Every structure is written in structure tokens, then in C-alpha cells.
Amino acid sequence: MTRIARETGLGRESLYKSLSNQGNPEFATVLKVLQALGLRLQVVPIT
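Under full-length UniProt numbering, the first residue of the sequence shown carries the number 1, and numbering increases by one thereafter.
Read the hints as simulated data drawn from the structure, not as lab findings.
Quick caveat, the model's predicted, so the values are computed rather than measured.
All the given hints hold, so there is nothing to weed out.
Taking lysine to aspartate or glutamate pairs in the DMTMM-like style, the calculated list, with each CA pair at most 25 Å apart, reads:
id, residue 1, residue 2
1, 32, 7
2, 32, 13
3, 17, 7
Restraint ranges, calculated between C-beta atoms of paired labels, are given here:
id, residue 1, residue 2, range
4, 20, 47, 31 to 37 Å
5, 12, 47, 37 to 43 Å
6, 14, 44, 29 to 35 Å
7, 20, 44, 27 to 33 Å
8, 1, 47, 32 to 38 Å
9, 45, 7, 27 to 33 Å
10, 39, 12, 18 to 24 Å
11, 4, 46, 29 to 35 Å
In this text, a Cβ means the ideal position worked out from N, Cα and C, and glycines have one as well.
Could you put together the complete structure from these sequences and hints?
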């Protein structure tokens with residue numbers, strides 16, 4: 001979590017709160033965390 005906080009520029013405690021069961025992270029936060037993990041969000045049509 002410390003590495004992700006550093007790479008996203010977000011506070012470690014803030015990340016814990018956002019990603020907890022009671023958290024409600026902003027979309028921008030989710031995107032920053034995904035990028036720090038080397039992942040991306042992709043939207044594809046349902047077929």
C-alpha cells in the first residue's frame with residue numbers, strides 16, 4: 001500500500017479508507033490505483 005500511495009500521490013490512510021468495505025472512492029482514485037498496479041480499465045460492449 002505504501003508503494004501504491006507513493007506512485008499515485010495519495011495518502012496511505014486515504015487509500016485504506018477509500019478501498020475499505022465502507023469506502024466510496026472517486027473514479028479518479030480508482031484509475032490511479034489501477035495505473036500503479038499496471039492495470040487499465042476497459043469498457044466493452046455486451047454482445
